[in-house]
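Whenever a hint applies, use it, and build me the whole structure from the sequences.
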Amino acid sequence: MIPLMRPALADAEGPYVTRLRTSRIGTASDDAILIEGADDGSVFSGRLGLVVIDGVRAEDLDGDIVLVDPRRGRVERLLRVGSTTNTLLVTERCDQLCVMCSQPPKKTHVDRFDLLEEACRLAPDGMLIGISGGEPTLYKERLLTLIERTLAARPDLGFHVLTNAQHFEASDVARLGRSAYRRVSWGIPLYASEAALHDNIVGKEGAFAKLEEGLAHLAMAGARVELRTVVLSDNIDAFPALAGYVAARLRFVEAWSIMQLEHIGFARNRWEQLFFDHVQRFGPIAEALNRALLHGVRAQLFNFPRCTVPAAYRRLAIASISDWKRKFAPACLRCGERSACSGFFEWHPDEQAALAVQPL
Amino acid sequence: MTFTPLRLRAIGGESEKALFVNDAGRFFLGSSAFLDRMDLEQLSAGDLAFLRAGGHVVERGDALGAAAHARGVADRIARAGPLDYLILVPTLRCNLSCSYCQVSRVNENQGGHDWSDDTLHAVLALLDRLDAAHVKIEFQGGEPTLRPDLIRAVIDRCGRFERAEFVICTNLQRVDDEILALFDRPDVFVSTSLDGDLSTHTRNRTGTAEATSAFLGNLRMLAERHGPTKVSALPTIDPNNPPDIDALLDAYVDLGIDSVFLRPINYQGFARKRHAASREQGDGWRGYYESFVRRIIERNWADRGRVLEETYLSIALRRIFQPGSERHVDLRNPNPMGIDYVVIDHDGAVYPTDEARMLARSGVVDLSIGNVAEGWGGPTFDLLNANSTNQFDPDCKRCAYQPFCGRDLVDDLARYGRIDIQRRETAFCRRHLHLFDLAFRLVYSDDDAIRYSLARWLRLPGEPAAFGQRLA
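Protein sequence lines correspond, in order, to chains A and B. Read in order, the letters of the first sequence are residues 1 to 360 in my numbering. Read in order, the letters of the second sequence are residues 361 to 832 in my numbering.
Check before you lean on any hint, since a few could be wrong.
Just a few of them, taken from the derived set where beta-carbon distance is under 7 Å, the chain B residues facing chain A [what the hints assert, rightly or not]:
id: 1; residue: A423
id: 2; residue: L424
id: 3; residue: A427
id: 4; residue: R431
id: 5; residue: F681
id: 6; residue: Q682
id: 7; residue: S685
id: 8; residue: P824
By construction, these hints were calculated from the structure, which means they are not laboratory data. Only a predicted model underlies this, so the values are computations on that prediction, with no experimental measurement involved. Here a beta-carbon is modelled for each residue, glycine too, at the ideal position from N, C-alpha and C.
Written as structure tokens, this is what we have:
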């Protein structure tokens, strides 16, 4: 696991964003430059003074865009230069309460949009930046402003926003249809085509109806949508019907990601109740994949280690888990498909992972 | 409640009367009982739920249903992007004289039928002006390998593109080191004609067994040297004298080629006189085509290790199920002319399609829309594009297959000299009605062998429970 949060000491009064550099070559005014490095920590010096970061080697930080928070005594690695999966958390509030939520929401909101926007402007060329929460569109105006201002200044960047699509209105359609939004995709969870089942899973009555409205607005805006469905004991048998629904009503989506459960957050304590072992019965997922693919919907499997998927479907199981939270079982070392594999979440129980794998 | 317009076509037996298709190309097979209920306006709650789920009914307030329908209709409309596909004819000379040659080729040693220096420079200048990041360039003839220098000059000029793919359409009669060096490039693909077994190929094309052997030797050498993805081959079928199906398939399978694009003789060029019957494709052709498809289904089922396909049927299936996934320029709607692809002839004249070039060569009608040095446009170009859609054709707009079908003006001109004869009276229409009838009979078959082949042709990992829905 790659640590994203590190203890740190800093001169400055309030939080700020800077880029860490180990050499002076090609540096800019927002950069903090290494002045002393050791295996257990490094000292960088920038416009707002010194920052001392614990426990990471300086060369692993070179180019990272970090948020320095002196009062809390830490730095947060917002955008790591070598990684293809960087996600900015814009709020921890949410208006849904999904049974398996991997990042249970909080009541309070700390507005960091301005700092995050600064980070985006410093991002390396062409980076795809993830935005997550909580529910980012609870602060829709702040969110869209961040996206638009960033893309106006940095048209090379792209955004992928995870949202429950409960807050898009007809009045947003023209705005979301602007050309800058070609560089934005929306990852939207949908758990069943039956309203009651979906509402039950997301813990909000009327969520399905609201989601359909939101998707309609996105469809009319020509927005890029990635649907996401987590596999649960509750919805596994609803997968074939959901695939029919996606093919009939949501064929415009760029992709449909079928995701295996993450052993964290609420799911950790409800594992027995929620987890569906696709190795025991792949049928409903196979039928869903075939139905969706038949109609040209690009269906794919997230968080499905390749060896746990029948050979014919393996090409659909992609390396979906971000580098900083991915691990493999010991037996995976001799697997020939490891580089194309999702592996396991860092927090997946080791015993289970070891039992699941059969190196290919 | 609003109905999205449904079109009907009888394809089933007694109890399953008709295929229902809406403007977005969504379809189901309805029973005669359902047909009666619809006729009497006595739809059940179950009918309505089914129609709503399938996008055949959009109720007031169903914003997503309305959006899905709008997007679905839009998906059926072909969009022509920037010019990124060129068919180049560096020479009209050829070292063969096939009985049904479509382009009125000239003899190998005849002068004045190759690109001039000016034409070459104009082609290269055109390449420099292209906006596309990816280009596909096809060399036609004549026999383009008679001028490897011209092919090389074009390929060398394409280095600036993110991706460039070259297809050399050749009879593979002579492959010397210079030509082989071109074929060896990973971005070069070879397309050739293989009419079946040795005797059929000799009769149709080469004239002598020795020439056929030389061709087959070259074809085999290429397939072995680079694997089957390097070479694609097409048979031209004389419906009055078609080859034995298994012999034809074996000839392809032997070379490791699994996709066969079965084409009847094109009513073009020399074929207009020597194969006058090719103006219409009769029941003989359609029967052969269907037997061919049935046979590959059987063979696929018997040997799961190898998936044979008839290319055009696979294209039709993808147009039914996966709009937008297919860019076959001979079957699309609208079919824009001279926009995303053009043909540049040996004399620099620009045509909208290869068949348009053939028509001009045969003296039927000159459909050239300009020349490579000065550009193209003007009245012919405008007239063709104004008529390039099947959307408003009185026959097509009632046809269940309109969302899947295309429009081929040049084919109509070739056969009938005009484009305004009733659509259903054209060979194009009859061919595609038959093709889609066949496709839907396969879609609604419960035969495991058929379902297996369908899934493979549609590139699915497994077989879905059903390819099409039914309403009892």
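Could you check the structure against the hints above and give me the numbers of any it violates, in ascending order?
-> When the structure is compared with the hints, none of them turns out to be violated.
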